[in-house]
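Peer 1: Build out the structure end to end from the sequences listed, making use of the hints.
All residue numbers for the sequence shown refer to the numbering used here, where the first residue is 1 and numbers rise by one.
Hints listed in this document are in silico derivations from the structure and should not be mistaken for laboratory results.
Treat the hints with care, as some may be off.
[Said to hold, decoys possible] In silico lysine-lysine, DSS-like type, Cα no more than 27 Å apart, as pairs:
| no. | residue 1 | residue 2 |
| --- | --- | --- |
| 1 | K139 | K161 |
| 2 | K139 | K18 |
| 3 | K52 | K72 |
| 4 | K92 | K18 |
| 5 | K212 | K301 |
| 6 | K219 | K161 |
| 7 | K10 | K24 |
| 8 | K72 | K10 |
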Amino acid sequence: MDNKLLAGAKVIIHSWLKIQPGEKFMIIHDDAYLPEAEALSHYASPITSQIKLVNFDQLPDLNHHLIGIFGKADAAVGLTDYSLLTTNAVVKAVANGMRYLSIPPITLDGRSIFAYDFIQEDLVWARTLGHQILDIAEKTDNIHVTTAAGTDLTFRYHNRKPGIMSGVTDHSGAVGSASFEFYIPIEEDQTAGTLILDGAMGQLGHLSQPLKLTYQNGKITSIDNDLEGERMRAYIDSFNDQRTLHASEFGIGLNRLAHCLGRCYIEDESALSTCHIGHGRNLTLGGVLDAEGHYDLVMLKPTIRFGSRTVMVDGTLTL
1 MDNKLLAGAK
11 VIIHSWLKIQ
21 PGEKFMIIHD
31 DAYLPEAEAL
41 SHYASPITSQ
51 IKLVNFDQLP
61 DLNHHLIGIF
71 GKADAAVGLT
81 DYSLLTTNAV
91 VKAVANGMRY
101 LSIPPITLDG
111 RSIFAYDFIQ
121 EDLVWARTLG
131 HQILDIAEKT
141 DNIHVTTAAG
151 TDLTFRYHNR
161 KPGIMSGVTD
171 HSGAVGSASF
181 EFYIPIEEDQ
191 TAGTLILDGA
201 MGQLGHLSQP
211 LKLTYQNGKI
221 TSIDNDLEGE
231 RMRAYIDSFN
241 DQRTLHASEF
251 GIGLNRLAHC
261 LGRCYIEDES
271 ALSTCHIGHG
281 RNLTLGGVLD
291 AEGHYDLVML
301 KPTIRFGSRT
311 VMVDGTLTL
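Peer 2: Structure below.
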């Protein structure tokens, strides 16, 4: 097994999840990610014998078999292309005390996500930075984002709670992600303006050219009619759910080792000089929108203002 894959698995078990003796640990994985699941099990097995691997591809009825799937697990990891993070099954299990770590494993360069350098980022550094942004965000309820490329967007998050993700999922009821980000479950009907998308298109990855999208009343109302626009529309249409047009999350990357190159969408949205807009389901993040999926659009080198306070100028933090 690849040494970098193993190194990533070791960090996840010992530093992110901090698996404890006797804990019930569940790993839900797709067929394609069995090596990653086995690597996690390898590092957890000296700590606890109560490890269960569940093949997500073998669940015949998604909605039925997610009900109660976590049982009495103390900790669970999701290694699936389908995002379980924002499902009701995870929401309910976390409310009952389980901690859940989402590791969306899709990459476009053939490498395991565990082998990426950003997995090795200093957790304390990332969380300290995230809390600095959070302290500013909590003093207002609106965001204004511009870029040199032409983006000009406003968001609102009245009575919504900001949060931080950095892999850390080490206490009861915690929800974590492999992404390193400050996030806000923005109000789903408030986003307005123009996005010139120049970073990455979620799981679609790299763009051959910037793409213009327009938002009104919280949702995408127009997408340019070019090749990238066709890709974007086809991807959104694949959810067969108009709710996935709604902007439901705003995030800022917190990882110095991540690069937005369109090869791994978790790395893309974690990159330090970027911000992203999440669309669709946001229940686990603290929002109210249920939808058939969630995806993120990443902007490069933004200027970001929370109320009257500027926290980033052209991709450089100004804290």
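Peer 1: Going back to the hint list, which numbers does this structure go against?
Peer 2: Result: hint 2 breaks, nothing else.
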